Amino acid sequence: MSTTSRKATPTSRYGKVGHVLNELDDRLGVAKGGRTFLDKIFPDHWSFMLGEIALYSFMVLMLTGVFLTFYYVPSQTVVTYNGSYLPLFGQHMSEAYASTVNLSFAVRGGLLMRQMHHWAADIFAGAIVVHMARVFFTGAFRKPRELNWTIGTTLLVLAIANGFLGYSLPDDLVSGTGIRIMFSIILSVPLVGTYLAFFLFGGNFPGTDILARFFILHVLVIPLIILGLVGAHLFLLVRQKHTQFPGPGRTETNVVGSPMFPVFMAKTTGFLMFVTGVIALLGAFAQINPIWQFGPYVASRISYAVQPDWYMGFLDGALRIFPAWEFTGFGHTIPLEVTLPAVIFPGILFTAVYAWPAIERRYTGDNELHNLLDRPHNRPKRTAAGVAVTMLLTMLFIASSTDVIANYFKVSLNTVLWAMRILVIVVPLLSYPLAYRIAKEMQGVAGVGKRKVTNVVVRTDDGEYIATPAPVYADDAHHELDPVPVPTFIEGAVETSGDDEAEFETTPGVRRVER
Amino acid sequence: MSDHDQHTPVSLRGLSADDPHMQPAARRPRVVEGWIGLLFLLGIALLVLFAVAFVMNLAPWTLGATLGGGAVSLGAGLIAWGKYLMPRGPFVEERHPLANSESDRDAFAAAVVERGGGIIQRRKFLGGLLGTGMGVFGVVSLFPLVRSLGPMPKGTLFHTDWTAGSYLVDITGRRVNVSDLAVGSITTVYPEGFENTDNGQAVDQTVLIRISNENFTTMKGRESWAPQGYVAYSKLCTHLGCPVGLYEQQLQLLVCPCHQSMFNVANGALPNFGPAPRPLPQLPLMVDSQGYLQSQSDYKEPVGPGFWER
Ligand code: HEM
Ligand code: FES
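Respectively, the protein sequence lines represent chains A and B.
Numbering-wise (the numbering used here), the first sequence opens with residue 2 and increments by one.
Numbering-wise (the numbering used here), the second sequence opens with residue 162 and increments by one.
It cannot be assumed that every hint is accurate.
[Said to hold, decoys possible] Taking lysine-lysine pairs in the DSSO-like style, the calculated list, with each CA pair at most 30 Å apart, reads:
1. A:41 - A:17
2. A:17 - B:244
3. A:144 - A:41
4. A:242 - B:244
[Said to hold, decoys possible] Estimated spans, in silico, between C-beta atoms of each pair:
5. A:365 - B:305: 43 to 49 Å
6. A:287 - B:268: 29 to 35 Å
7. A:291 - B:380: 40 to 46 Å
8. A:324 - B:288: 31 to 37 Å
9. A:247 - B:268: 25 to 31 Å
10. A:222 - B:452: 52 to 58 Å
11. A:63 - B:266: 17 to 23 Å
12. A:416 - B:192: 55 to 61 Å
[Unchecked claim] To list a few chain A residues with every Cβ distance to chain B over 12 Å, as calculated:
13. 427
14. 429
15. 464
In case anyone wonders, no lab produced these hints; they're calculated from the structure.
Since the model is a prediction, treat every value here as computed from it, not as a measurement.
Just so you know, even glycine gets a beta-carbon here, dropped at the ideal spot from N, CA and C.
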């Protein structure tokens, strides 16, 4: 420990563990940094957990993914299926599809791993989006954290890209159609689209190379980049320390919450187990991507309910409702009905997301360092802008099921199409002033954003009712304790009520308190 | 401790164990302890069951249920331990400014600007050459990565395997005879010999619809293209290339399931709904002496979605 001067003797006041730590420190000099790290403070607010969900689902993705690579064969070679799933027996299919069917039926635990992998992918992307929304609406991206905003946005792009690649690997009828659509989207890029598409696919669609290429991108290249960026993301987080909501004792120059060791470590390890467990339960009980029902990909066949994974939904929706505006002239064609919704629109969207910290800095002229978070209602314009973009994406997402909506509500497809075209424009435009208004109103409400305090209503002898705020912790006079530094030692013996308590007393912080 | 800390002064050595910060947040730690113990036991039991289920090769859902349930139980117990039985805090950590002192910053900038700048500025010419060299290296290293990936598109997208006299065959390779289809029915055809190739499936795929018993004209200039009511269109949607696989017989509409583009079969496959910008190209047909259907030629325009060179 850093508090003991290092001696030549290998013994430590702290026994065996202390000895090991000393030996480590002799070689790596970790004592001081290690202690600081154990004392690192994590704010106690649920919204700081969203990033952890993303991190842990990524870990599940890596573990289940490695399992899948043992059985999945990234080959488009046509084989005749002779496995155990009878409805497909004797059919021609790619080796990739056959191996995925085998993975689902013949490999022990294979179906569970596939479904866990797929659920983890959906949760990964979802957690990143929600985490990002938290960072956006609270202004956590402001100086000095712009770089982490950039890294986070890149992680979202890569999560979506890798999700699409993975979704394509089984080579079933639905995912094959997805690849076909991706080929056409790349083709739509002016000037270079044809070359890009041919190079990527090794020729005209479908070619023979695409699955092998998607495979290596999916299992190696992109996960490695993600891993590196996650590392950088967490390094910056430790270096710059957490942001925190304003509150008692919290200032721009401190962080208030629970220490890394033992509190946060216990909670976060527990949470890792919890997230993993939930993904396993989803994998067990919620069927996802039953590729054996779709059948193998045959380019001239089509399945009727073609729907991509949720994170691609907004693109599909945009493609559906965009008018058929192909441009032809000067001897060239620009399929604007594809280029605009599927290339230019996401391009603008993500550029705007990347640029947001700079845009906001330019607009507010604020170049200060910020460690205290904003309450969303205190930044009505930013909040309204975020709400408007969220609504735009939500409307596009809904537009990706125009046919389902038309069937369900028994209205014509044309009605749904036009309704969505109008809603996609009108809802964001209306939600901006609405969100702005609500934020402004909330600024006037006393106690908004403060911790809720339970009231205890007591009836007095005179029959009068009075409400008094209850302590935050039961039997405790303190509503909010003032924060104190993490102690090195726990001082003082406390009277114990029995022998069985003794163990508690020697374990810092895990102590029974008589009340 | 810096000056902004207006709170309780604390001893540097530590907190008393009686300090409210160090107390567990649970009112009855003993009870919570019991629950946590139960959760851990449940977790262990479920994980052991997982091993059993795995060894006995039980149904996949049993694996997930035991593994997931076990992990969730252990996780929930551990979270509860951290939340209720560990010091409740709150604790504080000072945030030391990341920025260094003025003189440190100056020394850094001086090294970059004066040292580096001085050396390069004196040899601007060499510096320029080095920069160019590195740039060329960067561009050239992309060549093997990009150029060897695939062939040049050349004219690939402009033609299909259909030629003058190709017989129309179904997916099993059987030639289609004029007597095969009843009015109102539809099938998918390929040029003979290509029904089992990638290109045949992905590019040449053509829908054959019989819309009447008479020779049919879908558009001016196509008077001889649909002998005995057999009309053939490319099956590739002009939007994004999905197979146009649905046929609304009463409305004579071909519908693309991907984004619901609709093409009017009787009217040159003109799109009348959805994002597809162009009609499906029509394949001119003829009938040989034995009544088998043939194509008069390739499609007169590129099939499928739009692209720059089109
Ligand atoms: C960013 C992280 C990742 C995402 C978002 C992701 C997503 C996906 C998705 C959605 C599938 C389709 C699963 C299905 O329903 O069949 C898939 C398949 C697959 N993934 Fe991943 N994955 C990720 C990382 C990895 C890693 C790190 C590996 C291996 C090292 C891996 C290996 C595989 C394999 C082999 C398949 C094909 C087998 C199958 O489809 O069942 N993935 N991935
Ligand atoms: S691919 Fe046919 S409508 Fe989009």
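### Message
Given the hinted pair residue 41 of chain A and residue 17 of chain A, is their Cα-Cα distance within 30 Å?
### Response
Holds, at roughly 25 Å.
### Task
Return holds or violated for the Cβ distance of residue 247 of chain A and residue 268 of chain B against the range 25 to 31 Å.
Violated, at about 36 Å.
### Query
Are residue 365 of chain A and residue 305 of chain B spaced within 43 to 49 Å by their CB atoms?
With Cβ atoms ~48 Å apart, the hint holds.
### Message
Just want to verify: residue 427 of chain A was marked as not at the interface with chain B; is every Cβ pair farther apart than 12 Å?
### Response
holds (20 Å)
### Query
Checking the smallest CB distance to chain B, is residue 464 of chain A really beyond 12 Å?
Given that every Cβ of chain B is farther than 12 Å from that of residue 464 of chain A, nearest at about 30 Å, it holds.
### Task
Confirm or reject the claim that residue 416 of chain A and residue 192 of chain B have a C-beta distance inside 55 to 61 Å.
holds (59 Å)
### Query
Lying within 52 to 58 Å: is that true of the beta-carbon distance residue 222 of chain A to residue 452 of chain B?
holds (55 Å)
### Query
Between residue 17 of chain A and residue 244 of chain B, does the CA-CA distance stay at or below 30 Å?
Holds, because 29 Å separates the two Cα atoms, which is no more than 30 Å.
### Message
17 to 23 Å was suggested as the range; check whether the CB atoms of residue 63 of chain A and residue 266 of chain B agree with it.
### Response
violated (40 Å)
### Message
For a C-alpha distance cap of 30 Å, please report whether residue 144 of chain A and residue 41 of chain A respect it.
### Response
holds (21 Å)
### Task
Say whether it holds or is violated: residue 429 of chain A keeps its Cβ farther than 12 Å from all Cβ of chain B.
holds (21 Å)
### Task
Can you let me know if the beta-carbon spacing of residue 287 of chain A and residue 268 of chain B is within 29 to 35 Å?
violated (59 Å)
The structure fails hints 6, 8, 9, 11 (numbered hints given earlier, in ascending order).
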